[in-house]
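> Once you have looked at the hints, place chain B on chain A.
Those sequence lines, one after another, are chains A and B. In this text, residue positions in the first sequence follow my numbering: the first is 168, and each later residue adds one. In this text, residue positions in the second sequence follow my numbering: the first is 168, and each later residue adds one.
The hints are simulated quantities; they were obtained by calculation from the structure and are not laboratory data. No false leads were slipped in.
No more than 27 angstroms apart at the CA atoms, straight line, and that leaves these computed lysine-lysine pairs for DSS-like:
#  : chain 1 : residue 1 : chain 2 : residue 2
1  : B       : Lys-303   : A       : Lys-303
2  : A       : Lys-303   : B       : Lys-188
3  : A       : Lys-291   : B       : Lys-303
4  : A       : Lys-476   : A       : Lys-172
5  : A       : Lys-251   : B       : Lys-264
6  : B       : Lys-263   : A       : Lys-251
7  : A       : Lys-401   : B       : Lys-264
8  : B       : Lys-207   : B       : Lys-170
9  : B       : Lys-170   : B       : Lys-481
10 : A       : Lys-454   : A       : Lys-391
11 : B       : Lys-251   : B       : Lys-207
12 : B       : Lys-264   : B       : Lys-251
13 : B       : Lys-448   : B       : Lys-364
14 : B       : Lys-291   : B       : Lys-364
15 : B       : Lys-485   : B       : Lys-170
16 : B       : Lys-264   : A       : Lys-263
17 : B       : Lys-251   : A       : Lys-263
18 : B       : Lys-481   : B       : Lys-364
19 : B       : Lys-263   : B       : Lys-434
20 : B       : Lys-448   : B       : Lys-391
21 : A       : Lys-291   : B       : Lys-291
22 : B       : Lys-263   : A       : Lys-264
23 : B       : Lys-454   : B       : Lys-476
24 : B       : Lys-264   : B       : Lys-401
25 : A       : Lys-291   : A       : Lys-364
26 : B       : Lys-303   : A       : Lys-188
27 : B       : Lys-291   : A       : Lys-303
28 : B       : Lys-188   : B       : Lys-291
29 : B       : Lys-207   : B       : Lys-303
30 : A       : Lys-364   : A       : Lys-481
31 : A       : Lys-481   : A       : Lys-172
32 : A       : Lys-476   : A       : Lys-170
33 : A       : Lys-251   : B       : Lys-251
34 : B       : Lys-263   : A       : Lys-263
35 : B       : Lys-251   : B       : Lys-263
36 : A       : Lys-264   : B       : Lys-401
37 : A       : Lys-448   : A       : Lys-207
38 : A       : Lys-264   : B       : Lys-251
There are 2 protein chains.
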Amino acid sequence: MEKFKDLKSSFEAFITSHLPKIAPRELYEPYHYIVNLEAKRVRPVMLLATKRCFAPLGEDDFYAALAIELFHNFSLMHDDIMDKSETRRGQATVHKKYGDNSAILSGDALLILSYKLLENIANKVHFLSIYSLYNKTATEICIGQQLDMNFESEVLVSEPEYLMMIEHKTAVLLATSMKIGAILGDANSTDCDAFYKFGLAIGMAFQIQDDLLDTFGETASVGKRIGGDICNNKKTLLHIYALQNAHKTHKELLLQWSQTNEFNEMKISEITQIFIDSGAKDYVIRKRDLYYQEALKSIEFASISREDKDYLIKFAQKAVDRIK
Amino acid sequence: MEKFKDLKSSFEAFITSHLPKIAPRELYEPYHYIVNLEAKRVRPVMLLATKRCFAPLGEDDFYAALAIELFHNFSLMHDDIMDKSETRRGQATVHKKYGDNSAILSGDALLILSYKLLENIANKVHFLSIYSLYNKTATEICIGQQLDMNFESEVLVSEPEYLMMIEHKTAVLLATSMKIGAILGDANSTDCDAFYKFGLAIGMAFQIQDDLLDTFGETASVGKRIGGDICNNKKTLLHIYALQNAHKTHKELLLQWSQTNEFNEMKISEITQIFIDSGAKDYVIRKRDLYYQEALKSIEFASISREDKDYLIKFAQKAVDRIK
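With the rest of the complex left out, here is chain A (with noise of 0.2 angstroms):
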């Protein structure tokens, strides 16, 4: 649709000509090779779509946008330092090109510039709502990393616990993004939660989905080495799953196998089968797809027009499946 083509790579051109550069160099440039790696920019861009069922789009727009986008960064610069992660979007993170002190002080002057960035938002009504809204989930945030790395040292993580930190840690900041467009568009209240639910169910199935590409997805589309999850013994949805319904023997071996975890080509590709033998894959690819359609339903009553609702849905469904 014509209004909200290019949305993409309008943004790509304001980040260009809008991120600073905090001297000195080993400030900005850790901060500036992780935004400037390629990315789907699925954040922004939806809180721009969103937006634009509203009204046209403007400058306070693209401050915020951004503003979501570097504090996504920020986070995956910590994370991957937390997580020991050497990879990320196909290229080395930020600790293992800069060092883990870089990647501490310039994630802090990228997480203290999106604040920043927030600061041009030059309607000021608007501006305090979604300050209020940004440090909220900001929180929440931390809090999914938090329970993330606790469920590193338990051997019993329960589905709803799961759900929770993804709920924290992913889908927060997409329903955030798109509720802060309703109140850029000065939505009603029932709209603007209309989009936080969309967006937090969408950011719901975009998780299990990376679970399952982490297991069953390709190296080149996915852009990291999959299995990384059943190397690192990372307790998804799949392997939650598969460790309550699993036969016996079945059971036995993920817990044999989670005593290890430096990568393991065998490894990888027993417990890649008994998550196909225990339903596991099967179960969580409907769990995905209940997200999905809750997801559809929440957007249902927004009052935007049939023809906006299909395009946020469809490029919801691209971002979700990877499509590019």
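For chain B alone, coordinates are given in the frame of chain A:
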């Protein structure tokens, strides 16, 4: 003076009643630990005292003061990881006690919490003005920490470079605290600037005194092992002056010692002696006192009473000298 009485104890009470616990425990325990260590609370008390020169204190002032104190503690948590410091205020640093990951994430949560507390400033004109100053200062503090880290791998750091580093890393937060107090007191912009300059000069004197105490202080009152800067080859003003002005043999000795960086009593005693013999100690004391004089001048024309000025000066002097 009656009106400045109990600022610190009122602030401590405010911390106790207003420092939230962001669940899970692993997230809030580390920041509760550091915030509750015995501390002088120089920044929040200076903020409150400045406001008190203009008007009685209210909730807005305490929220702003708490935000500043939390920001300060966030930066300590992350700096201590980067600097590999093991003790802080006589106790284990957060990363030493809880691990690097906890110090990173709990620090992030603390920074976000400090932004969240600013939301509580009910006067939104004040809030907007404070918010913009806050972001600017937070960025400068990151720059200061980066410069400090850069100095580690540089042999020759000049005095202006050093002064710029401590201005960013330390002085701007005290300056900002006082300017926020003035903003909350509806001071005119000349007065706001006067308080900023006062805080900046006091902050410089404070940091220079900190460097002096690290070499010439006593463990019991300083709360950390004496000689840490010397062992870590910190480019303090003492080091910079001595390297430029000591006898040739002493300069060579300084450069030789900088090849090692473990704890070494002989290194400490030899370099301490060089700092005395080269006149570095005397020079640095004079430099500290010049900043102190500059502070006095800055506040002289502020439109507050003589008594109020004298209180602020006395409080600042005590803070610089570390007198309880």
